[in-house]
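Peer 1: Based on the sequences and whatever the hints tell you, model everything.
Sequences listed follow chains A and B, in order. Residues in the first sequence are numbered from 1 upward in steps of one, following the numbering used here. Residues in the second sequence are numbered from 257 upward in steps of one, following the numbering used here.
Where hints are given, some of them may not hold.
Just so you have them, the derived chain B footprint on chain A, three or more residues with Cβ under 8 Å [unchecked claim]:
(1) 18-26
(2) 76-85
(3) 101-108
Among chain A residues calculated to face chain B with C-beta under 7 Å, some are [to be verified]:
(4) F14
(5) R120
(6) D139
(7) A141
(8) S252
If you are wondering where the hints come from, they were derived from the structure by calculation, not from laboratory data. C-beta atoms are modelled at their ideal positions from N, C-alpha and C, and glycine is treated no differently.
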Amino acid sequence: MNPLLRVEGLSKRFGEHIGCADVGFDLYPGEVLAVVGESGSGKSTLLKLLSTRLAADAGHVRYQITGRGLVDLAELSEAERRWLLRTDWGFVEQNPRDGLRMNVSAGANVGERLMATGARHYGQIRATASDWLARVELDPARLDELPTGFSGGMQQRLQIARNLVTRPRLVFMDEPTAGLDVSVQARLLDLMRELVTDLGLAAVIVTHDLAVARLLGHRLLVMRRGRVVETGLTDQVLDDPQHPYTQLLVSSVLQV
Amino acid sequence: MNTVAGYNFAYLDEQTKRMIRRALLKAVAIPGYQVPFGSREMPLPYGWGTGGIQVTASILGRSDVLKVIDQGSDDTTNAVNIRRFFAQTAGVATTDSTGEASIIQTRHRIPEKPLGEHQIMVYQVPLPEPLGRLEPREAVTRKLHALADYGLMHVKLYEDIARYGHIASTYDYPVLVNGRYLMAPSPIPKFDNPKLHMNPALQLFGAGREKRVYAIPPYTRVESLDFEDHPFSVQRWDEPCALCGTADSFLDEVVLDDAGGRMFVCSDSDYCKTRQGAGHTGSQSPIPAEAT
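Peer 2: Dropping the structure here:
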């Protein structure tokens, strides 16, 4: 099987400070990679580099484009990159207000990607949007309401629906459950696990919460000070951490 | 008519006119693309047609015949003053007749009488950026234009239908020019949008405050945005014009009294007068003298 995403020697410096140094991995279709580490360890920088929001200083990110094979993202034109971002990829922001248009209805939020890719039939766009609201367990009757009237968890689910409506192959998620209360987190995680399995999505999930990584991630990447200190199957890494930092991280989780 | 002494022909100096004409040439070459230009202070306030007046000044020749309309009418303040401005600074002939004019400067309307290849329309544009209300950052809207990424505009139309059941924009209705650039047609009613399409006249748009010109060359495709199941449509009225009886022109509603009395008359005053002169009458036509 060919990898969907191949990352090699990815580095980014912010002046003296290291954002991300020499990161490399392969991501296969349908695989979920969780990136964990403390605040400031370079998780979000890595995500921005992967999704071409930031330009890397060194290294390559190659993506399997249908019919073209592995293509270095830095060599794509801006138009092609934007096309990827709104069709083949999704990006779920930590704060749903950054990923949603707060001044248009839920239906328009979900329909935006469809319209951006050429859908011009109002009834069909609306039906698809309604269908997706149901899939993320939102009441389709609230299709015409503004997201400002939704709770944090609902906004996050709306954001997920908005990203998945074009059936992307790869989704980036930045702390998708941060800022939600525990019961809402659990339902959201359940939902995401279901969607990822149903749609065969590959995903890169950045989180500081080991429970999220355990639940969603097939593989785990532990980062510290911009470097990958340990990598492997999630269960293997969490049950038998090798690196002192990973051991510290795992032992720091509060047991109830 | 006597021209005012001390001013160059058509008020602006020759260098400025040349600069605007260069911008206009670029605008014609890329239909619908907004070309920046060095907008000058004009002796009238922003919002009164500073963009249109600069475009007119730069293309005006001594043999041109100028018509100026405001909301379709030749005799409103804005139209009268701009017409007089060019009569005094350029000494060109002016007219009310659509057919006789070689340059028509307009605010908010396109004449009802079809235009010809020898004519130029000049539009006064307050806000040239059709995406401006959805995306306030100009650096971003320029990028969206460059990449022809116009999904955002349809989000707005979608939202209109979701909220009101139909597309609620009735003026400045967004159009796609030559299948490429999204363009604001200036605040003309959407009734006039079909006239933009394949028009034999050259159409120039000037925005003075925003310092942009753009153009639709003759015989260019201009499509109004819509959805397949909510197609673009123009306004229709239940009654014909009360003065000339036409049923196919854009009508203004005029309130007659405080008891609910109203009449609908053509917004294009020249079109209405021409029809009345040809003997057409409506429900409120003055009764001819010999009949009383």
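Peer 1: If a hint holds in the structure, say so; if it does not, say that too.
Peer 2: Structure-based check of all given hints:
Proximity of the stretch 18-26 of chain A to chain B, defined as three or more residues with a beta carbon under 8 Å from a beta carbon of that chain, is not established by the 0 residues found. Judged by the Cβ-Cβ criterion of 8 Å, the stretch 76-85 of chain A is covered by chain B as claimed, because 3 of its residues qualify and three suffice. Requiring three or more residues with a Cβ within less than 8 Å of a Cβ of chain B, the coverage given for the stretch 101-108 of chain A holds, as 5 such residues are present. Because the beta carbon of A:F14 sits about 23 Å from the nearest beta carbon in chain B, more than 7 Å, this interface hint is broken.
With its C-beta approaching chain B no nearer than about 5 Å, A:R120 sits inside the 7 Å limit, and its interface hint holds. Hint status for A:D139: violated, given a least beta-carbon distance of 16 Å to chain B, over 7 Å. At a threshold of 7 Å, the smallest CB-CB gap from A:A141 to chain B is about 13 Å, leaving the interface hint violated. A least Cβ separation of about 42 Å between A:S252 and chain B goes past the 7 Å threshold, and the interface hint is therefore violated.
When the structure is compared with the earlier hints, violations turn up for hints 1, 4, 6, 7 and 8 and for no others.
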